[in-house]
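Residues per chain, in single letters:
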Amino acid sequence: MADNQQPRIVAIVDDDARVRESLKHLLYSAGIETRLFRSAEEALQTGELGSVCCLITDIRMPGIDGCELQRRVAATLPALPVIFVTAHPDDEIRGHALTQGAFAFLYKPVDGEEFLSTVDAAVKWRRERASVNCPTNRNQGGSRDVDR
Amino acid sequence: MLENLGRLKGYLLAVLVCAIALPIAWELDAPSSCFLLATMVTSLYGGRGPGYLTVVVSSILFDLLFLLPRFQLLHSHESYLRLAIFIAAMILATELIAAKRRSEESLRRTQTKLSQAMQVAALSEFSASVIHEISQPLSAMVANGQTCVRWLSTNPPNIENAPAAERVVRDGRDARGVIQGLRALFRRSPPQKVLVDLGPIVNEIVSLIRGRAESEKIAVEVQLPRDLPGIIGDRLQLQQVLMNLSLNAMDSMRTVTDRPKTLVISMREQDGMVLTEVRDQGIGISDFEKVFDAFFTTKEDGMGMGLSICKSIIEAHEGRLWGSPGPVAGTVFSFAIPRAIEGEQ
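Going down the list, the protein sequences come from chains F and C. At position 17 of the first sequence (counting the first as 1) the number is 17 in full-length UniProt numbering, and the numbers step up by one without a gap. At position 53 of the second sequence (counting the first as 1) the number is 53 in full-length UniProt numbering, and the numbers step up by one without a gap.
For the record, the hints were derived by calculation from the structure and aren't laboratory data. Think of the CB as a built atom: it goes at the ideal place given N, C-alpha and C, for glycine as much as any other residue. Accuracy of the hints is not assured; some may be wrong.
Said to hold, decoys possible - To be clear about the criterion: a stretch of chain C counts as covered by chain F if any three or more of its residues have a C-beta under 8 angstroms from a C-beta of chain F, and this derived list gives those stretches: (1) 18 to 31; (2) 127 to 133; (3) 137 to 143.
With the sequences and hints as input, model every part of the structure.
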């Protein structure tokens, strides 16, 4: 595929080690690299979010929660798509997250294929936006039509 | 039907109380106090209706038997005033008592409703926690399983990534752990009842945690009197409780750097109970009520089952488990279990 030319890196923020690890391997099997963070604080502190093309986060975490993370990321990196993966079925939070510009909102346990296609779409969407801002980049296509 | 019976009982009470009050009033020549007392007793135990019945019966008896001249329906102006005040006092007593009863009943009803509402809230919170705890490993299982399928469906199959299958098994075990924790929490079977000496259990725990304590620079201290009485209980379960409290204590000191890290396990007899205290110098706990809730945790990798299981175990031993802030810093978790009585087994 055309968008395999650059490394695709996504950030995963989840306080559960098993979830982080399993998503890492799943994404790796699709050729996507990952940066893992145990908490929102850790993700914000390292400053690595600037170099990833998608942010995957849980909602309920100790310390800063997923919604607050999304808000802070939106302030500094508005073009970074955020995908929520949570175990808590809460329509209010879901609605709030989506109106705040979340790319997708998935419930645990997530279906691996659905997850991969969502991440793929998010990465494409991100590149599309980057190419609009920076005309030297080739337009790599893709549309933001997943889970909205 | 039952309600009618209750009401009938009230009225019978009214009649009975009047019948008892009458000879006493006659004997002492103190009708006002005796009948007023009768009214109050009836209103208190029978309610408003029987109270009024007593008022009526007492007024008639008072009027016929005690107002001078006796056995005449017509009396002097002054006598009517006495009668009126007497009746007013009785009505007031009935009303006051009835009002108090009503407010108590409504309070009780409100409390019942409130406790039901709280139970529903606790249940929904608990279910949310269970859903969360089981979805985490399940989520990992699905992702690991699909990773496995993806690697195996390449041509040729990529066997190198087979550890994904092992992770599926591991996560499945984790999910089973959650379910076992839940089972332990709700298990109704009583613990094994044998004579247990807590001293050796403490020493076992200390030898188990010594390695970790050394690497984390935690000083472990045991204060154990020689003549500590035994208790009747389940050795394994008590070991589990003590282990859990000790590990929690060590976890709480992980980030402490400004003071010596010590873990003190002490035991003593107090008021017929064997009291065990596990003291740490850790970060402390802000809400000692909440820590015993299932799935409440302050730890990243914690499931929040430990203390709630400990509590249910100690309660099954007719004991009590509680937490309190340490004297300087940290936390003290204590549990008290009744000591074994001589000859009991």
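Coverage assertion for the segment 137 to 143 of chain C with respect to chain F, Cβ distance below 8 angstroms, three residues required: The restraint on the segment 137 to 143 of chain C holds, since 7 of its residues have a Cβ under 8 angstroms from chain F and three suffice.
Can you take a look at whether the segment 18 to 31 of chain C is actually covered by chain F? Rule is 3+ residues, C-beta closer than 8 angstroms. Result for this restraint: violated, n = 0.
Annotated coverage of the segment 127 to 133 of chain C by chain F, confirmed only when three residues or more have a Cβ within 8 angstroms: The restraint on the segment 127 to 133 of chain C holds, since 3 of its residues have a Cβ under 8 angstroms from chain F and three suffice.
Comparing the model with each earlier hint shows a violation of hint 1 alone; every other hint is respected.
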